[in-house]
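Asker: Here is what each chain is made of, one letter per residue.
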Amino acid sequence: MPGRNKVTKKTLSAGQRRGPPLAWVGWSFLILLAVVTVLYVGLKAVANPILFLQNLLDGLKLGFVYALIALGYTMVYGIVKLINFAHGDVFMVGAFTSYYAVSRFNLHMWPAAAFPSISPNLAVVLGSLTVILLSMAVCVILAVTIERVAYKPLRDAPRIAALITAIGVSFFLEFFGALPFVFSARFIPYKAPFSTHAWYIKDGIHPIISGQASPDNTISFSNIFLIIAAASILVQVLLQYIVKRTKIGIAMRAASYDKPTARLMGINVDRVISFTFAIGAAFAGLGGVLYAIAYSSIYTQLGVLPGLKAFVAAVLGGIGSIPGAFVGALIMGQAEAMTMGYISTPMRDAVAFSILIIVLLVKPTGLFGEPAQEKA
Amino acid sequence: MKRVLTVALVLALSVGSAIAADLKIAVLAPLSGPVPSFGLSTKEGALLAIQEWNAKGGVLGRKIVPIVEDSQCTADPAVNAANKVINQDGVKFIIGEVCSGASIPVSEIANPAKVIEISPTSTNPNVTVDSKGNTKAYIFRACYIDPFQGGILAQFSAQRLKAKKAFIMYDQGNDYTVGLANAFEAQFKKLGGTIAGKETYTKTDTDFSAILSKIKDANPQVVLLPDYYNIVNLVTKQAKEKGINVPFVGGDGWDSSDLDLVSSAGCYYTNHYAPDDPRKEVQTFLKAYAAAYKDDSGKPKVPDALAVLAYDATNLLLQAIATAKTDDTTKVKTALEAIKFSAVSGLITFDKLHNPIKALTILSIKGGKVVFDSVVQP
Chain A
-5 MPGRNKVTKK TLSAGQRRGP PLAWVGWSFL ILLAVVTVLY VGLKAVANPI LFLQNLLDGL
55 KLGFVYALIA LGYTMVYGIV KLINFAHGDV FMVGAFTSYY AVSRFNLHMW PAAAFPSISP
115 NLAVVLGSLT VILLSMAVCV ILAVTIERVA YKPLRDAPRI AALITAIGVS FFLEFFGALP
175 FVFSARFIPY KAPFSTHAWY IKDGIHPIIS GQASPDNTIS FSNIFLIIAA ASILVQVLLQ
235 YIVKRTKIGI AMRAASYDKP TARLMGINVD RVISFTFAIG AAFAGLGGVL YAIAYSSIYT
295 QLGVLPGLKA FVAAVLGGIG SIPGAFVGAL IMGQAEAMTM GYISTPMRDA VAFSILIIVL
355 LVKPTGLFGE PAQEKA
Chain B
159 MKRVLTVALV LALSVGSAIA ADLKIAVLAP LSGPVPSFGL STKEGALLAI QEWNAKGGVL
219 GRKIVPIVED SQCTADPAVN AANKVINQDG VKFIIGEVCS GASIPVSEIA NPAKVIEISP
279 TSTNPNVTVD SKGNTKAYIF RACYIDPFQG GILAQFSAQR LKAKKAFIMY DQGNDYTVGL
339 ANAFEAQFKK LGGTIAGKET YTKTDTDFSA ILSKIKDANP QVVLLPDYYN IVNLVTKQAK
399 EKGINVPFVG GDGWDSSDLD LVSSAGCYYT NHYAPDDPRK EVQTFLKAYA AAYKDDSGKP
459 KVPDALAVLA YDATNLLLQA IATAKTDDTT KVKTALEAIK FSAVSGLITF DKLHNPIKAL
519 TILSIKGGKV VFDSVVQP
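Going down the list, the protein sequences come from chains A and B.
One point on numbering: in this note's numbering, the residue at position 356 of the first sequence is 350, and numbering is uninterrupted.
So the mapping is simple: this note's numbering equals the position in the second sequence, first residue as 1, plus 158.
Keep in mind that the hints were calculated from the coordinates and are not lab data.
Just so you know, even glycine gets a beta-carbon here, dropped at the ideal spot from N, CA and C.
The reader is advised that the hints may include incorrect statements.
[To be verified] These stretches of chain A come out as covered by chain B in the derived footprint (C-beta under 8 Å, 3 or more residues):
#1 46 to 53
#2 189 to 201
#3 241 to 249
#4 307 to 317
[Unchecked claim] Within a straight-line C-alpha distance of at most 20 Å, the following computed SDA-like cross-link-like pairs (lysine to any residue) qualify:
#5 Lys361(B) with Leu302(A)
#6 Lys185(A) with Asp416(B)
#7 Lys524(B) with Leu302(A)
#8 Lys320(B) with Gln206(A)
Isolated chain A (complex conformation) (with noise of 0.2 Å):
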């Protein structure tokens, strides 16, 4: 084993010599490209303010949604290096327990129903936050289940290993839950706990009428967009606070730098990582519902393109940093907005992956990461 360490600390400290010219390259190939974006995307802004507009907001929603999932795998990651590919179909799951509990329950409908005299407004949200934390517990009951069942056992084998299990893990819900009996494979309509509201916005903003037209060159949002961004700038601070006030988030930091030394101060490092896959199932699943209402078709391998773009979103924002995650998202979420917008909607997903190659080629540690460090 220590002569394993040698040969790879010799081959990175080869290659941190034979680095800054190769990265020079890289740089400015990156600043290029960055220019020419900006000046596209800026020409066609100028030449249509309002389209520009209307696609950060579209963009800003994407990746609102991006940041909820891409939570979890970093989190994850930075506790036990261990990518997550399960993660996108506990989001999936998620977005199928809401509309179970929503279809076929009518979950949503309980606080009209047990207190007939409760403002319907009120009954509304109540009735929806209840199917949130519902479908919330379920992922991170199933998440927790994965972790014991299929990451625990393999937590002293090499990371390969455990990498292959999640892509297992991921195929096994996929296409257990397209069985008849489960979720069917079938594209199912969703069936959102409240209605959608839309507005547009000139002088002032004005509600749109459903089966009506807004007036032309205006900005339309909804009330997804609008919870979908609460949802995931509260997701965000509370992350912060856990991560950096709590006794648990000390825990969880401490276990991310140095397991065995965190084990030796009394640190139940086991409890610390279902309860780091707790938070981030908890947070897909939240995804997942939000996902499902603004997009309201589900299928089980829903969560496979939203999982591998957060994927990216926190590899560009340096897997393992949690602010990380969600500037990563974010700028994921633009860039495939203002790809659909100024080059073609099928470009969005190969514009997407590019991000993830030039990230890995030019900076591997991403926005916010810390340069690898080779621990004892």
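Assemble chain B onto chain A, guided by the hints.
Answerer: Chain B alone, transformed into the frame defined by chain A:
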């Protein structure tokens, strides 16, 4: 004396039946396999048509005997069934198969054997046309091929919706949507309209905001969205949120009980028939079908498009035999090529490729329901 008379009578009868033997028609339907509900509807539609003809005295004075075979929507069982009915039963007429993947191999057997095959529902162009582009002489179909819907939708948009400017969005990786989009564009331009924009997406996309923003900006009078209901649900919902109130039009891919009728209110799509179409052919057929078949709970059944097309295919064949006044398939084939038949799914004539030229039913979505809008004649 009595016995002699009986013998004479039996003899006379057998001679008579030898002259006017029963006319056998094979029905190849996927009664098992991936789409058994398609098979059942097809069988019911075909048998109903045969019963009605028999009640009127058969065709050419001969009783029609159906031979139903389970072809499973799959090449091998379909080929076995076709070989069996042609070689053992001596059948010269086949109604079927439902799936293109089974109809094409069956046509490869039927055509050289000069057996007429009418597929009620296979939309693949290669069912009636061989790989060199020549029409298979004895093979026909009763349904339109996919791109045909695009042209009809263009005609509908230009004439009934009075649209001058259209926007097209389609899945670039799906032959069905590409075919419809291209046919729509060509026909719409021919009718004097302009295409304000053409955007593509992929089937895994869920966010159509950028395309919809472009639509909002381009301000068309109609948007073509020739995709399946799952994409339609996403697009129409997001369009409503963006304050877009332009009608979206699409093909039979929209036809599903899962279509979001709230978001797609005010939109139109094509289909083979509508139960609330007031035409006499439709209403008579509906009554006959309801009288003949009950569902599991004992209620009269409403026929689906497959039953309608199987019924039409069988009627087309029998009408052609009646017109040709013989069961010689070469003459029946010529009669079919010249036929002008008022079927449940519209007035049918055949083009050179043996695809039907017929009216399309346009359905509109109004007040949470799918209702008959109009019939468009090409």
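Asker: Are any of the numbered hints broken by this structure? If so, which, sorted upward?
Answerer: Violated hints: 3, 4, 7; rest satisfied.
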